Amino acid sequence: MKEKSRFCEDLYNFSVGFCMGGANVIPGVSGGTMLFIMGAFSKLTGAISTIASVKTLKLLLSGKWKELYELIPWRFLFALGVGILLSFATLAKLLVWLLNNCQQYTFAFFFGLIAASIITVNRQMKKWSWGAWISFAASAATAFGIISLVPVNAGSQWYMLILYGAICIIAMILPGLSGSFLLLIFGQYQKVWDAVGNLAHFHWTISDISTVFFLALGAIAGIGMFVHLLNWLIKNFYDFTVAALIGFMVGAIPRLWPWQQEIANHISYNAPIYDISFLWTVLVIFSGLLLVLIIEFFARKKQEGGLTNVSYRS
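In this text, residue positions in the sequence shown follow the working numbering: the first is 1, and each later residue adds one.
I should point out that these hints are in silico values taken from the structure, not numbers from a laboratory. If you're wondering where the values come from, they're calculated on a predicted model, not measured in any experiment. Check before you lean on any hint, since a few could be wrong.
[As the list claims (entries may be wrong)] The list that follows gives simulated cross-link-like pairs (lysine-lysine, BS3-like), each with its CA atoms no further than 27 Å apart:
id : residue 1 : residue 2
1  : K235      : K43
2  : K64       : K43
3  : K55       : K235
4  : K93       : K191
5  : K58       : K235
6  : K55       : K43
7  : K127      : K235
8  : K66       : K126
9  : K58       : K191
10 : K66       : K55
11 : K66       : K43
12 : K235      : K126
[Stated by the list, open to error] Okay, the calculated beta carbon distance ranges per label pair:
id : residue 1 : residue 2 : range
13 : L60       : G145      : 37 to 45 Å
14 : F202      : K66       : 29 to 37 Å
15 : N100      : M160      : 34 to 42 Å
16 : N101      : S210      : 43 to 51 Å
Glycine is no exception: its CB is placed at the ideal position from the N, C-alpha and C atoms.
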């Protein structure tokens, strides 16, 4: 019975990784949002903090492999990682294709996801104080400022790829911030996800391998340094931090407005045209919203069963 319970937990962690990986491919959608609503946010940041710690380094250098194995939650990280990698392998090229060919409906689906995510993350708040509102407003303004930037090509030299990796991994783990959208701003979105898709399908080139390698190098460095700060903020300034995360989502959601149009590198947020496509778009929005609410429902059922923890309140 215990082994069956552990298998169910592994399967759930795999599904979290799959959802996180899929969300991270879409500009404007954060994998961190999926982590938060599915109850794995603090578990992952805690695991990363453990890995990127002095204690772990000491155990590694002293060759205390058994203690190192017991310290790090390998089973959780493995299931999550397999889900993320499988998601990249199966969804990266598909979602890029959908963005290029069915943008309105793709954006509508993820607009619904984020709208519902705002509701679910808001349930984690203890109290909306003045400080929390200020934190919310500042982060919302920052996120909106980021999505208002015009995409540029900042270069793809190896040191720039390391920098992109460090910046984007932080955005990917924070609810509301989209690492893929930052890649779009840096002019690297197509290059990066084409490389990931090619490697996943064993179409390897030196260019693709070097792109993914240097991005991963930057991501490891960035997340190792940032996660300690994030955990400290959640522990000591819980409401301010969660309010900021909600603000990021609210500020970023206009980027997923289904009826937008890009004209000369400028995004125009248009009013909907009330035709048959409007009805389909609204249905797609509600399907995304419903999906998140269903995910949250099962996540809470898991919490009641003791398999995961949806609440991050200290």
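To see whether the hints hold, each was checked on the structure:
no.	hint	verdict
1	K235 - K43	13 Å, holds
2	K64 - K43	24 Å, holds
3	K55 - K235	20 Å, holds
4	K93 - K191	12 Å, holds
5	K58 - K235	25 Å, holds
6	K55 - K43	18 Å, holds
7	K127 - K235	15 Å, holds
8	K66 - K126	40 Å, violated
9	K58 - K191	38 Å, violated
10	K66 - K55	14 Å, holds
11	K66 - K43	22 Å, holds
12	K235 - K126	13 Å, holds
13	L60 - G145: 37 to 45 Å	41 Å, holds
14	F202 - K66: 29 to 37 Å	36 Å, holds
15	N100 - M160: 34 to 42 Å	25 Å, violated
16	N101 - S210: 43 to 51 Å	29 Å, violated
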